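Listed below, chain by chain, are the residues.
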Amino acid sequence: MTAAVIQTRGLSKRYRRVSALSDCTITVPEARISALIGPNGAGKTTLLRLLAGLARPTAGEMAVLGGTPRQDPAFLAGIGFLAQEISLYKRFTAQTHIAIGAHLNHRWDAVSVRDRLRSLNIPLDRPAGSLSGGQRAQLALALTLAKRPRLLLLDEPVAALDPLARRNFLAQLAEAVAVGGLTVVLSSHLLADLERVADHLILLAASRVQLCGDIDAMLAEHQVLVGPRKPTTAIERTHTVVQAIRADRQTTLLIRGNAPVLDPAWESAEVGLEEMVLAYMSQESMGQDAAPANSHLTTVGEEK
Amino acid sequence: MTWLTWRQHRVQLYLAAALLAAFAVVIVISGRQITAQFHDAAATCAAGQGCRHLGGLFMGSHVVGFLVIATLGAPLLVGMFWGAPLLAAELDTGTIRFAWMQSVTRGRWLAIKVGWLMLAAAVWGGAISALVAWWYSPANNLAPEQFNPGRFDLAGIVPVAYALFAMALGITAGALLRRTLPAMAVTFAGFVAVRVAIVLWLRPHYTSAVTTTYNVIRGYTPPGSYWQLAQGVHGPGGKLVVVGDNEPVLGGIPLSQLPSSCARAGNTVPASCQQALAGFRGFITYQPADRYWAFQGIETGIFVLLAAILLTVTALVLLRRDV
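Taken in order, these protein sequences are the chains called A and B.
Heads up, the first sequence is in the numbering used here, so the first residue is 1 and it goes up one at a time.
Heads up, the second sequence is in the numbering used here, so the first residue is 1001 and it goes up one at a time.
Derived from the structure by calculation, the hints contain no laboratory data.
Fair warning: this is a prediction, and the values are worked out from it, not measured in the lab.
Certain hints may be false.
[Unchecked claim] Which chain B residues stay away from chain A? Per the calculated CB distances, all over 12 Å, these:
id	residue
1	L1004
2	H1039
3	G1115
4	A1120
5	R1179
6	S1260
7	S1261
8	A1276
[Stated by the list, open to error] Here's a subset of chain A near chain B, in silico, CB distances under 7 Å, partners left out:
id	residue
9	L54
10	P73
11	L76
12	Q84
13	L104
14	N105
15	W266
[Said to hold, decoys possible] Here are the simulated distance ranges between beta carbons:
id	chain 1	residue 1	chain 2	residue 2	range
16	B	A1021	A	Q7	54 to 64 Å
17	A	R167	B	R1320	34 to 44 Å
18	B	P1182	A	D72	27 to 37 Å
19	A	G66	B	D1322	39 to 49 Å
20	B	P1182	A	R70	28 to 38 Å
21	A	Q7	B	G1073	49 to 59 Å
22	A	D72	B	L1316	17 to 27 Å
23	B	P1182	A	Y15	14 to 24 Å
24	A	G66	B	P1182	21 to 31 Å
Beta carbons: idealized from backbone N, C-alpha and C, even for Gly.
When you get a sec, could you build the whole thing from the sequences and use the hints?
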């Protein structure tokens, strides 16, 4: 197994009395594209900022690129972070931003930014403040990539892009990871997009980690059961019921566990990413009592 | 980083340079006029034809005189327009995140940015001080009064310290408030409050003042351009003599407290009046002229220290802040 680029244990962040992230334990192996998913306010942005070293945790430990995020040029050079709110100097042109990057980074690929912007018809000589939202996002992305980071942390990078630009961007991302030396964590609400490129998943809800691990392994561990309306105690003995929808005549269960279900009354089916993610998210929204029961659910797939 | 600092602040620098150049032109033209007028007046005076107007010449035109006094506020320009937005704008718009995700540490980023701007502030304060000192030189030659508040604050090395303090105050206010306009307001209020408080309550006590008592008939003036803190007359009982508005006086004493013979006193004081005056002692409390540079040094030290404390606070707060 390849070395972990990100490893956290019990990572927590509180802002005064509000908990933004609690007891977050995750592992992201090298050369993966990890999708960071969760409802609004789940702590996705907080986690990314902690990993980038822009904010400091109130508790817990983390190793990013082999060390604690710190103020060290070598560490900073390895991290590319793109915030959700694009922060560029409004009065400076793309050209000036490229020059700033060249002065502030030892490793800087100015050519790639210019090529990227030209291919997107984004003017290099107009102030960033006069560009459209999508153009600004593209510029910020290009600047983040120009550092040639080893770990790319992207907070909703595609939200401002049109569908075609989104697809192109994700394709380029996948290509860069395939070439090697790059690991990506990107948060997004667009599950369909993520499904296309991501092979790793971190699911946050209510400031806690619900799932973390390889997507394929995780999907293989879950199944959907459809059967008559009847008690589920037998299944609960061998599996964890993530979600149960009880209609008048039939019950639909999303269960977790590798053991086969032998009772012929239940019809088993494979589960899709979106279905699984939504099941965990809606479970969280049902109430606080669901949270403690899930604490053992972290790091699926990585355990073995 | 130096390049980025230059790129971000060059417009402000050009503007400041233009302002300074315009000020220099006004001061040089006015200064040359004053010098010429001074020489003419001195020649007239030497020829024995009226020396009365010498003292009135040295403010040049009223506009220029006002401009020179207005340079008391020059540190505020750098504090409010360079210092306050320096960090506030980056924090407010979030561009600090862009800056801090490049391969430069926060500490280096802050040190270089602040270092260059503090240097610019010092140059600004020093240049204005030098011009003002030059402009005042004919007046200083004739009647030095450099120790008086107003003059003391405009020349020497203190204007450099004021500019450094104003800049540091603006930077700190910006770092703490994270918004430019409130930071500018705090810089203005803070600078004025600290300057006034120090002039009124601290500066007179840098070294303990000298008090000299004197015979009211002969009077007494300390040598050189001393700074007078208090002057008055003690009566026979040791009580301070109080003079009402527009009251006729002799030697600082109201005529109503003296024998009637004093009212007729011209160049010679009648004996009965002299006898009465002997019961009064004049006093003057002042800082002697030769302490001028000691005071400049102490005041500069205080403001540089304040600036250093403010910048330390900024560094402690900013380098730990989550962004």
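The hints, checked one at a time:
For L1004 (chain B), the non-interface assignment is contradicted: its Cβ lies about 6 Å from the closest Cβ of chain A, within the 12 Å cut-off. Residue-level check passed: H1039 (chain B) sits 52 Å from the nearest beta carbon of chain A, beyond 12 Å. Every C-beta of chain A lies more than 12 Å from that of G1115 (chain B), the closest at about 16 Å, which supports listing it as non-interface. Separation of A1120 (chain B) from chain A is adequate, the least Cβ-Cβ distance of about 19 Å exceeding the 12 Å criterion.
At roughly 16 Å, the least C-beta separation between R1179 (chain B) and chain A is larger than 12 Å, which holds for a residue marked as non-interface. In this structure S1260 (chain B) is separated from chain A by more than 12 Å, as the shortest Cβ-Cβ distance comes to about 80 Å. The Cβ of S1261 (chain B) sits about 81 Å from the closest Cβ of chain A, beyond the 12 Å cut-off, so the non-interface label holds. No Cβ of chain A approaches the Cβ of A1276 (chain B) within 12 Å, the least distance being about 76 Å, so the stated non-interface status holds.
Given the 7 Å rule on beta carbons, the hint for L54 (chain A) holds: about 5 Å separates it from the nearest Cβ of chain B. Annotation: interface hint on P73 (chain A) holds; nearest CB of chain B at approximately 5 Å, less than 7 Å. The beta carbon of L76 (chain A) comes within 5 Å of a beta carbon in chain B, closer than 7 Å, and the hint placing it at the interface holds. A cut of 7 Å between beta carbons decides the hint on Q84 (chain A): the least distance to chain B is about 10 Å, and the hint is violated.
Of the supplied interface hints, the one on L104 (chain A) holds, with its beta-carbon coming within about 4 Å of a beta-carbon of chain B, less than 7 Å. Among the interface hints, the one on N105 (chain A) holds; its C-beta lies about 5 Å from the nearest C-beta in chain B, closer than the 7 Å criterion. Given hint, W266 (chain A) at the interface with chain B, is violated; its Cβ is 49 Å from that chain's nearest Cβ, farther than 7 Å. Distance hint check: the CB atoms of A1021 (chain B) and Q7 (chain A) are about 59 Å apart, consistent with the given range 54 to 64 Å.
Between R167 (chain A) and R1320 (chain B) the beta carbons are some 41 Å apart, a value that agrees with the proposed interval 34 to 44 Å. A C-beta distance of roughly 34 Å is found between P1182 (chain B) and D72 (chain A), which places it inside the suggested range of 27 to 37 Å. Judged by the Cβ atoms, the range 39 to 49 Å given for G66 (chain A) and D1322 (chain B) is violated: they are separated by roughly 23 Å. The hinted window of 28 to 38 Å between P1182 (chain B) and R70 (chain A) holds, with their beta carbons roughly 32 Å apart.
As the Cβ distance of Q7 (chain A) to G1073 (chain B) is approximately 56 Å, the hint placing it in 49 to 59 Å holds. For D72 (chain A) paired with L1316 (chain B), a C-beta distance near 19 Å keeps the hint of 17 to 27 Å intact. The hinted window of 14 to 24 Å between P1182 (chain B) and Y15 (chain A) holds, with their beta carbons roughly 22 Å apart. Checked against the hint of 21 to 31 Å, the C-beta distance between G66 (chain A) and P1182 (chain B) comes to roughly 42 Å, which is inconsistent with it.
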